[in-house]
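Peer 1: Given next are the chains, with one letter for each unit.
Number of protein chains: 2
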Amino acid sequence: MNFIRKIVSPAKKEDEGFYYELKKLLNFSPKKINYYKKAFTHRSLKLKDKKGNPINYERLEFLGDAMLGSIIASYLYKKVPKGTEGYLTQMRSKIVSREHLNELGKDLDLIQFVKSNFDKELVGNNIYGNIFEALIGAIYLDRGFNYCKKFIYENVIIPYVDIPKLEGKITSYKGLIIEWCQKQKKQYNFEVYEDSGNENVKHFSVKVSIEGSLVAKGRATSKKKAEEQASKRVYFALQDEITKT
Amino acid sequence: MNFIRKIVSPAKKEDEGFYYELKKLLNFSPKKINYYKKAFTHRSLKLKDKKGNPINYERLEFLGDAMLGSIIASYLYKKVPKGTEGYLTQMRSKIVSREHLNELGKDLDLIQFVKSNFDKELVGNNIYGNIFEALIGAIYLDRGFNYCKKFIYENVIIPYVDIPKLEGKITSYKGLIIEWCQKQKKQYNFEVYEDSGNENVKHFSVKVSIEGSLVAKGRATSKKKAEEQASKRVYFALQDEITKT
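Read top to bottom, the protein sequences are chains A and B.
Each step along the first sequence adds one to the number in my numbering, with nothing skipped, and position 189 is 195.
Each step along the second sequence adds one to the number in my numbering, with nothing skipped, and position 108 is 114.
There's no promise every hint is true.
Simulated pairs of lysine to any residue, SDA-like, Cα-Cα distance not exceeding 25 angstroms [said to hold, decoys possible]:
hint: 1; chain 1: A; residue 1: Lys52; chain 2: B; residue 2: Ser80
hint: 2; chain 1: B; residue 1: Lys213; chain 2: B; residue 2: Glu109
hint: 3; chain 1: B; residue 1: Lys121; chain 2: A; residue 2: Tyr83
hint: 4; chain 1: B; residue 1: Lys54; chain 2: B; residue 2: Tyr25
hint: 5; chain 1: A; residue 1: Lys100; chain 2: B; residue 2: Gly92
hint: 6; chain 1: A; residue 1: Lys88; chain 2: B; residue 2: Asp55
hint: 7; chain 1: A; residue 1: Lys121; chain 2: A; residue 2: Glu105
hint: 8; chain 1: A; residue 1: Lys84; chain 2: B; residue 2: Asp55
hint: 9; chain 1: A; residue 1: Lys43; chain 2: B; residue 2: Lys84
hint: 10; chain 1: A; residue 1: Lys85; chain 2: B; residue 2: Asp55
hint: 11; chain 1: B; residue 1: Lys38; chain 2: A; residue 2: Pro87
hint: 12; chain 1: A; residue 1: Lys88; chain 2: B; residue 2: Asn40
hint: 13; chain 1: B; residue 1: Lys43; chain 2: B; residue 2: Asp113
hint: 14; chain 1: A; residue 1: Lys88; chain 2: B; residue 2: Gly58
hint: 15; chain 1: A; residue 1: Lys100; chain 2: B; residue 2: Val102
hint: 16; chain 1: A; residue 1: Lys156; chain 2: B; residue 2: Lys155
hint: 17; chain 1: A; residue 1: Lys112; chain 2: A; residue 2: Asn204
hint: 18; chain 1: A; residue 1: Lys37; chain 2: B; residue 2: Asn152
hint: 19; chain 1: A; residue 1: Lys38; chain 2: B; residue 2: Tyr81
hint: 20; chain 1: B; residue 1: Lys156; chain 2: A; residue 2: Asp148
hint: 21; chain 1: A; residue 1: Lys175; chain 2: A; residue 2: Thr95
hint: 22; chain 1: A; residue 1: Lys156; chain 2: B; residue 2: Tyr153
hint: 23; chain 1: B; residue 1: Lys54; chain 2: A; residue 2: Tyr83
hint: 24; chain 1: A; residue 1: Lys52; chain 2: B; residue 2: Tyr83
hint: 25; chain 1: A; residue 1: Lys250; chain 2: B; residue 2: Lys57
hint: 26; chain 1: B; residue 1: Lys29; chain 2: A; residue 2: Ser80
The calculated label-pair distances, taken between Cβ atoms and stated as ranges, are [to be verified]:
hint: 27; chain 1: A; residue 1: Lys171; chain 2: B; residue 2: Gly58; range: 21 to 27 angstroms
hint: 28; chain 1: A; residue 1: Ser35; chain 2: B; residue 2: Gly174; range: 40 to 46 angstroms
hint: 29; chain 1: B; residue 1: Glu247; chain 2: A; residue 2: Lys84; range: 53 to 59 angstroms
hint: 30; chain 1: A; residue 1: Glu20; chain 2: B; residue 2: Gly174; range: 39 to 45 angstroms
hint: 31; chain 1: B; residue 1: Lys192; chain 2: A; residue 2: Ser35; range: 44 to 50 angstroms
hint: 32; chain 1: B; residue 1: Lys100; chain 2: A; residue 2: Arg104; range: 21 to 27 angstroms
hint: 33; chain 1: B; residue 1: Ile61; chain 2: A; residue 2: Ile184; range: 39 to 45 angstroms
hint: 34; chain 1: B; residue 1: Lys57; chain 2: A; residue 2: Glu247; range: 25 to 31 angstroms
hint: 35; chain 1: A; residue 1: Asp125; chain 2: B; residue 2: Lys100; range: 23 to 29 angstroms
hint: 36; chain 1: B; residue 1: Gln96; chain 2: A; residue 2: Arg104; range: 16 to 22 angstroms
hint: 37; chain 1: A; residue 1: Glu20; chain 2: B; residue 2: Pro170; range: 39 to 45 angstroms
hint: 38; chain 1: B; residue 1: Asn152; chain 2: A; residue 2: Gly92; range: 28 to 34 angstroms
hint: 39; chain 1: A; residue 1: Arg104; chain 2: B; residue 2: Asn132; range: 26 to 32 angstroms
Hints listed in this document are in silico derivations from the structure and should not be mistaken for laboratory results.
Bear in mind that the values here come from a model prediction, so they are computed numbers and not experimental data.
Virtual Cβ for every residue (Gly too), placed ideally from N, Cα, C.
The following block holds chain A by itself, in its conformation from the complex (with noise of 0.2 angstroms):
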């Protein structure tokens, strides 16, 4: 185990909790550790290296934002061939939208790696995106674009990003499949209920039913996100029921 660690990362001891945190956040193992210490780096705290220049995440956050943006581009690209330029540039902002990013970054709960002087408690939204973008800097010059890619697959593109929601075609999955039941006049139940299980942060989960049968479930750290996921998921479920109608 020991041993183990030395090959995989210098850490000193003192790291080691962070190490095999960061581990399980980013899915794969850090190699400089260095860079995540940064990127969870307030300049509040205003630490300097030996030239004199400052550490905290704020140039990583530079790097990461330019990270994201050629990444989530090159999947807009590939996902949506008959999108015009004009489109994509809209479709990209709205996923590496400020309020987006605050959200990602509150999902994963980063804010438990933040070294600062101040009470994180009273801290504006912004602090989430900004060291969510500062991590994919930092990954991107620990492990390069691949695996920038792969965190950014992983954690943006495959649980958040639904382009017909983007396009505004779908605002609310709940309230379509609510709609849809209505209609075709069938009995529908959302039940929500706690689900935290051994994870730090709280969770909930909801299972739809329709007549009476179990169509989805979902789980997400809020009730209302829990229940669009769920919704989502009976909609792909019925989409030809649903569309067709």
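Please arrange chain B on chain A, whose structure you already have, making use of the hints.
Peer 2: Same frame as chain A, now just chain B:
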């Protein structure tokens, strides 16, 4: 020869000329020639693929712009460790400015590849930058991020990116050299002559002599650029003397 062509490129006979010109431009072997054909196709041709999606360079422009932005961001991040987030953002804007990209597209003589339904002579300047970006998008799709990076280093960063000049510390190397010579009461001479060789595009060479000895040469597509290049070389050759006075 025919055998090699079949391996490296499934190009049709009619694409052969384009393939070899392109390979010279890229400094590596393109694999899927269709991406590059698209990068040089103007929408005035109104081409469509089997699915009815338009074939022109506009979507590739979006992709190339994003890739260029992220590669320049990573270059600046590493190159200027003291640069704040604001500094890095500003420097990047200067490097990827429309004006700068148009200049790059012109210097690479990309217009020779463009297929369109209009008179190329009458076209606005922006087409040069647009097809330069589209070409970067095509490189990304064909060969991935690292080839893209290599192309941008060879064609943007190494020949054009000059941090002191972008910072506005030095606005003209020629001006700086002349001013220094006058102060130091040294004789100087700029000898400019046309020097296109076998190339399609006109080129100029410049020799800069100080006190009768040749100090540096420059060569570029305009007199002004060749003079700046030569002067910059003089500056770096005599940097110790120039900066101490």
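Peer 1: Indicate, hint by hint, whether the structure satisfies it.
Peer 2: Tested hints:
1. Lys52(A) to Ser80(B): 24 angstroms, holds
2. Lys213(B) to Glu109(B): Cα-Cα ~23 angstroms, so holds.
3. Lys121(B) to Tyr83(A): 22 angstroms, holds
4. Lys54(B) to Tyr25(B): 22 angstroms, holds
5. Lys100(A) to Gly92(B): 23 angstroms, holds
6. Lys88(A) to Asp55(B): 11 angstroms, holds
7. Lys121(A) to Glu105(A): Between Lys121(A) and Glu105(A) the Cα gap is close to 23 angstroms, so the pair holds against 25 angstroms.
8. Lys84(A) to Asp55(B): Distance ~15 angstroms between Lys84(A) and Asp55(B) Cα, so the pair holds.
9. Lys43(A) to Lys84(B): 17 angstroms, holds
10. Lys85(A) to Asp55(B): 16 angstroms, holds
11. Lys38(B) to Pro87(A): Holds. Lys38(B) to Pro87(A) sits at ~17 angstroms (cutoff 25 angstroms).
12. Lys88(A) to Asn40(B): 17 angstroms, holds
13. Lys43(B) to Asp113(B): Cα-Cα ~20 angstroms, so holds.
14. Lys88(A) to Gly58(B): Distance of about 9 angstroms is within 25 angstroms: holds.
15. Lys100(A) to Val102(B): 23 angstroms, holds
16. Lys156(A) to Lys155(B): Answer holds: Lys156(A) to Lys155(B) is near 19 angstroms, not above 25 angstroms.
17. Lys112(A) to Asn204(A): Cα-Cα ~18 angstroms, so holds.
18. Lys37(A) to Asn152(B): Holds, at roughly 20 angstroms.
19. Lys38(A) to Tyr81(B): 19 angstroms, holds
20. Lys156(B) to Asp148(A): Answer holds: Lys156(B) to Asp148(A) is near 19 angstroms, not above 25 angstroms.
21. Lys175(A) to Thr95(A): 18 angstroms, holds
22. Lys156(A) to Tyr153(B): 19 angstroms, holds
23. Lys54(B) to Tyr83(A): The given pair, whose Cα atoms are some 17 angstroms apart, holds under the 25 angstroms limit.
24. Lys52(A) to Tyr83(B): 20 angstroms, holds
25. Lys250(A) to Lys57(B): Satisfied, since the Cα-Cα distance of roughly 24 angstroms is no more than 25 angstroms.
26. Lys29(B) to Ser80(A): 24 angstroms, holds
27. Lys171(A) to Gly58(B): 21 to 27 angstroms: Roughly 25 angstroms apart at Cβ, these two residues keep to the hinted range, so it holds.
28. Ser35(A) to Gly174(B): 40 to 46 angstroms: 43 angstroms, holds
29. Glu247(B) to Lys84(A): 53 to 59 angstroms: 55 angstroms Cβ-Cβ, so the 53 to 59 angstroms window holds.
30. Glu20(A) to Gly174(B): 39 to 45 angstroms: Between Glu20(A) and Gly174(B), where Cβ atoms are some 44 angstroms apart, the hint holds.
31. Lys192(B) to Ser35(A): 44 to 50 angstroms: 59 angstroms, violated
32. Lys100(B) to Arg104(A): 21 to 27 angstroms: 25 angstroms, holds
33. Ile61(B) to Ile184(A): 39 to 45 angstroms: Given a distance of about 43 angstroms, which is inside 39 to 45 angstroms, the answer is holds.
34. Lys57(B) to Glu247(A): 25 to 31 angstroms: Cβ of Lys57(B) to Cβ of Glu247(A): about 27 angstroms, so the range 25 to 31 angstroms holds.
35. Asp125(A) to Lys100(B): 23 to 29 angstroms: 39 angstroms, violated
36. Gln96(B) to Arg104(A): 16 to 22 angstroms: This hint holds: roughly 20 angstroms between Cβ atoms.
37. Glu20(A) to Pro170(B): 39 to 45 angstroms: 41 angstroms, holds
38. Asn152(B) to Gly92(A): 28 to 34 angstroms: 30 angstroms, holds
39. Arg104(A) to Asn132(B): 26 to 32 angstroms: 30 angstroms, holds
The structure does not agree with the numbered hints 31 and 35 stated previously, though it agrees with the rest.
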